[in-house]
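Below are the chains, spelled out letter by letter.
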Amino acid sequence: MFILIVGCGRVGSSLARAMLQEGHEVSCLDEDPESHARLEVGLDRGWEDLGGRFTVGAGLETDALVAAGIEEADAFIASTDGDNTNIVISQIAQRRYEVPTVIARILDPLRAEWYQRQGLHTICPTRVAIDMLETAVKEGQGRNGSSNGGGRD
Amino acid sequence: MYIIVVGAGKVGWNLARELLEKNHEVTVIESDRRRYLTVEQELEHNVSYGDASELWVLERAGIQRADMVIAVTGDDEDNMLICQVAKEKYMVERIIARVNNPRNRAHFDLLGIKPSVSATDLILRLLEHEVPEYGLVHLLDLQEEQLEIIEMLLGKDCGVTGRRVGDLAMPDGSLLISILREGKGFVPGPDTVLEVGDEVLAVLDPGKEEELKEIFGPAGGNGTGDGVG
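As they're listed, the protein sequences go chains Y and L. So that you can map any letter, position 35 of the first sequence is 35 in our numbering, and since no number is skipped, the others follow by simple counting. So that you can map any letter, position 90 of the second sequence is 90 in our numbering, and since no number is skipped, the others follow by simple counting.
These are calculated hints, taken from the structure and not from any lab test. Among the clues, some could well be false.
Per the computed footprint, the stretches of chain L lying under chain Y, defined by three or more beta-carbons under 8 Å from a beta-carbon of chain Y, are [claimed, not checked]:
(1) 52-61
(2) 73-86
(3) 103-114
For lysine to any residue, the following SDA-like pairs were computed, each having C-alpha atoms within a straight-line distance of at most 25 Å [unchecked claim]:
(4) L:K114 with Y:R117
(5) L:K87 with Y:L110
(6) L:K114 with Y:I130
(7) L:K87 with L:V11
(8) L:K87 with Y:R95
We put the beta carbon where it would ideally sit given N, CA and C, even for glycine.
Produce the entire structure from the sequences given, and follow the hints as far as they go.
Structure follows, in structure tokens:
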């Protein structure tokens, strides 16, 4: 599978490394040339030596998307630090380039939910954190409750 | 009408002022606290503080009952998505988006955000109109009506000068609507003979531009330059 990842921050770069090590073809696009270094964290060889691709450019620039290989991509992941950028570029990938699998990271839970209903595959880390915290609080409460009632154990 | 204007920059602020003078109900949404406080001194309760990318901010401004949403922030992605959500989630009937970078216009079109207005494009067109050596000038796109109006300056090497309008093989879906000659405009008839220096206006279906260029382009079509001027 050929995977294009736009936004090479902590999430994007870790995902890129994991997918490359699983044997997929991976291309990253990021505005910041320095983000290339993040790809090589923990690798014993260079990103390109391992077969990875890296392009400097903005996700909204059609030329940059094409240079990074959007026309051949089987999967497109929008993981920049901006919700708006991710929503726009994932729709471009979906509608204009008809990439079969498009996933957008959206921090705003309300919009993540709405765009999900519109047919965009969205991942909302905020939602995940809320759910986990909620569960953790409830579990903690249960534990405290039982310890209050039944003494230490 | 109830109109929500997003972005209280120069465009948004002045727009809001004009709309209020025309007795519309207006809410301006501004995400920069300092700018909000400045604008609020004049527009008072007609301006609201918040990031209109967030749905609850739009809802607080009453987007459910808005007749029109105009997004004129300095950020194209914001403008695009605010209009998309207004149209598709809140069923706002009319939207207008500002395009800051003309290269993003294709993205607005892709997301169905129409009409979109680009000051850069408008100025470029005016420039081409004032300096008509670019040949064929796009004057107006009537996107809803699927028509465009273009202007052509007939140069010395133009293939149609000296010929009657009635003899031109105008492509289907195009029509000459006026000629500007020596500062005076008139509507041509079939017997009007075209002259060097005429500025010809034509209305056409989208996509007919190339055919028109061939007819009004340099005689012999030696392929140098795509202008007709």
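Evaluation of the provided hints:
no., hint, result
1, 52-61, "holds (count 4)"
2, 73-86, "holds (count 7)"
3, 103-114, "holds (count 6)"
4, L:K114 with Y:R117, "23 Å, holds"
5, L:K87 with Y:L110, "17 Å, holds"
6, L:K114 with Y:I130, "37 Å, violated"
7, L:K87 with L:V11, "22 Å, holds"
8, L:K87 with Y:R95, "18 Å, holds"
The earlier numbered hint that this structure contradicts is number 6, and it is the only one.
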